[in-house]
Amino acid sequence: MKLQTFISGQARLAVVVERNALQCVEAGSLDRVCRSLRDFDYLFGGVTDLQEIECRDWKEVSDRLDIVSHCDDALALLLIFLDRTAGNESRSEALAFLEQELALPAVESFLWKRLLTRPLPDNADLIGCELRAERVSAVRLLSLIQTLGALQVSVVQTYQAWVAIPESHFTALPSREVVFSALREAGAFGKLVRARPEQRNLALIQILADTPKLPRQPLTALLKAWVAEMGGNQAASAQEFADGTDEAETGRGSRSRKTDERPKTSPSVFTSIGRQKDAIFERMRVGDWNRAWQYIGDLTEFQLARSERGLLAKSLCDLAQEAKCLGAHEHQLELGERALVEAPDDVQAHSHRADALLCLGRLANAEAAYREAADRFPDNVVARNGLAEVLKAGGRLEEAEGEYRATVSRFPDNVVARSGLAGVLLFRGDVSEALSLVSQRKPPMTKSDWVAFHIHAMILFRRGELDAAAQLFRRGTQTCPWAECHTYFRRSLSLLDLRINQPLQAIEDLGNEESTLSNLLRFHAFSKIGSLSEADKCLRKAAIIPFPKCGELKVALETRFWGPPDSSVSENFLFELEFDCLLAA
Amino acid sequence: MNCPHWGDTDVRESERDCPRCGQECGYPNVRKAGELAEVAALAVRYRAARQGAVDRAAEAEFDCYEKVVASSQIVMSRHEKAVLQLLESDNALWVSFYQQTGAGMRRPEDTEIEGDRGVADSRLFPGYREMICFAVLSVNGFGPPYYGRTSLTFDEALLSHRASVFEENSVNLLRRSNFRLAPGFRTQWNFRGKLAATKAAPRILPGLADKDFEALLMTPDVNAPDPDFVEVHVFGFLHHTAISRIQFWPLRDKKDQPFRTRIREICEDRKIEVKE
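Read top to bottom, the protein sequences are chains A and B.
Take 1 as the starting number for the first sequence in our numbering and just add one per residue.
Take 1001 as the starting number for the second sequence in our numbering and just add one per residue.
Worth flagging that the hints you see were computed from the coordinates, not collected in a lab.
Be a bit skeptical, because a hint or two may be false.
As the list claims (entries may be wrong) - Derived Cβ-Cβ restraints for the label pairs, each shown as a range:
hint, chain 1, residue 1, chain 2, residue 2, range
1, A, G28, B, H1240, 20 to 30 Å
2, B, K1211, A, E89, 30 to 40 Å
3, A, I67, B, K1211, 37 to 47 Å
4, A, W482, B, E1130, 41 to 51 Å
5, B, G1127, A, A21, 35 to 45 Å
6, B, D1063, A, A103, 55 to 65 Å
7, A, A106, B, T1009, 51 to 61 Å
8, B, R1123, A, G28, 30 to 40 Å
9, A, G28, B, K1211, 30 to 40 Å
Stated by the list, open to error - Pulled a few chain B residues facing chain A out of the computed Cβ check, cut under 8 Å:
hint, residue
10, K1081
11, D1226
12, E1265
We treat Cβ as the ideally placed atom computed from N, Cα and C, and that holds for glycine.
Using the sequences provided together with the hints, build the complete structure.
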């Protein structure tokens, strides 16, 4: 006879129901204690991980309890360790125990299943965790944190694609929540997160095999829809996936593929380059640029030795993109220029160099670089958008609008061009056409979608729909996975706070943003509350003027708060200028 | 009962609001404990218990114990991780990875354990079982440790209006009375001293001092298999902002240390008192 067992890792307790009484076992102990049935509520009070299982004997009860308890301990400890708001003491203690817990394969597997289901929220401190783990040589934990960081973009993409699956796909399935739980337990999220776009179909076949309890046909349709939402090579993959499911059913599997379908370059070479790039990314993220450039030198040597100039340029472009994400525009420029030397015909290299110049506020150079790229590659939408962006930053709105309109007419679905045009139209007061360009039906997934999402929120702001705008800005700060986009959302939110006369909130919402425009907004807020010394510090930090409008704002702010009392600069004037700066930035 | 606002509408035992006018008619558990039959039966028991104390020359001790329990608090025992989860319920990190993607799928009240527990619940809380949280009365801030080595004291002002008090572990009492519970074993919050003194009367002897009262209210043996205590039934959910104090029993598993440290840090931020 099987034992009806209730088990909770949070309580580290298993309870077996026997003849109107409860037999309890604690984790790590074989002693049984008899309890009254009423105790059930007390014993499991407040827990949210209660499971009902059947066990063959007490040995199995004890073993299952041990695993569940270790897994739950590890998850709870990891959440403390990741939490930037937690104190040093608790994080250090959590680290010590976590490293031990991770030695158990079941625990590591459990953690990955959960960590890859959802993006990490803002209060997760990956860099801090990495440094702490490195300091005490917690090897397992360090590896987990680094991998978790590297997979975040993919986690966001996978989760957002899951959220975007239409409800119609769940009608023949138990419910979205139940399917979510089943897929999570099968490690489905992790499989998709780790799969490259061309490997997703194979991942889906594995997921289907791992979830036998869910109805096969509707689940297959749902999985296809999920992958389609993730974008990538779904058009080709639908057929491949159909082929793959057939293979899974007939038991042939992927091993039966012909050998001539293998990539021409050895996978081990890609793996090696991938590892070198990962090591560089890691150094870049912790600000160790000396070591990063040393590794970049090694990578260059390695790829040049294999006569891979084109691929080297792509590697350098990847690194430039990461440098951009980290706000290291000087390094981005250097990487873009090196990529250009290796592959003068690579449009991506041109774009990276020009983009870095734009980010550094060197507008004339950026315009020249983008014009050169747009002339050489007239069908390249990135170069055309970049040129329009430079013109907009320089205040040449008519020219920028012309460039954007030309791009939109040629590439009507390009989100970057549409949101750029919307931004220019908003500048010029044409709110309704701007709104029509950025109205989104689906939740934002790509970075461009998030930019469009920000423009959408700015339009609402301009129309005076402050609550709705604030809600979108906050959503952006909380859920957008691209750090550089957070800057836009934070600054906009801060301006909105200033607009409704809440300068303290404006300062708080800016967080640690240190760009010139952020410091000018901070200066405005501190001046409003009369904290002149803080305001002065902010003004000193706002030394580099990235675009002309920003210079105008700086002068206007100084005049308003530090100029003569009868200054003609009003709050409304400042708001308009600040709003324009946010759009131009 | 009839609606106290409009009179002629029957409000069921499990209903909090009048189905006709929608106005609140009181928490069902508190209403039940305040019914005339309950109050009268407890008064009879109380008079007899006090008379017994007078006969044993323990009248002063009886009155003193009643007074001490009249200032007792609502306390819950919880495991460290469950406490942390409650305290972190506004934290995005915890909400994302613990509550929504936690290991299990069921809460205690969702399980279907048949037998005495189900019968007892249907007798005590007909139609509103899922709205009741269980706690104990405590005069020193500690709850029974077997249920969790962290004791949470809740702010009386935020809970007492929806709390009723029961003589002991309700399943045990109902089972002994063959599931036909006579009135007089539950009461409203303000009369908890009387109920506890009535229950403990046979054990109140001359010469008992304040230090002995804790053991009268709750089993002193921390490892007792079936601890005795006075049960509190709270209607509705409990939020972490209602916690006024946290006390820890001595640490038994060193793995709980990081959780305790984190609990202390949070309590310091939120100005919640912590005692070892």
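Comparing the hints with the structure gives:
1. A:G28 with B:H1240: 20 to 30 Å: holds, 29 Å
2. B:K1211 with A:E89: 30 to 40 Å: Holds - the Cβ-Cβ distance for B:K1211 and A:E89, about 35 Å, lies within 30 to 40 Å.
3. A:I67 with B:K1211: 37 to 47 Å: About 44 Å separates the Cβ atoms of A:I67 and B:K1211, which means 37 to 47 Å holds.
4. A:W482 with B:E1130: 41 to 51 Å: holds, 43 Å
5. B:G1127 with A:A21: 35 to 45 Å: About 27 Å separates the Cβ atoms of B:G1127 and A:A21, which means 35 to 45 Å is violated.
6. B:D1063 with A:A103: 55 to 65 Å: Since the Cβ atoms of B:D1063 and A:A103 sit about 60 Å apart, the hinted range of 55 to 65 Å holds.
7. A:A106 with B:T1009: 51 to 61 Å: Since the Cβ atoms of A:A106 and B:T1009 sit about 58 Å apart, the hinted range of 51 to 61 Å holds.
8. B:R1123 with A:G28: 30 to 40 Å: Since B:R1123 and A:G28 have Cβ atoms about 38 Å apart, the given range 30 to 40 Å holds.
9. A:G28 with B:K1211: 30 to 40 Å: holds, 35 Å
10. K1081: holds, 5 Å
11. D1226: holds, 6 Å
12. E1265: OK, holds: B:E1265 within 8 Å of chain A, min 4 Å.
Violated hint for the displayed structure: number 5, the only one.
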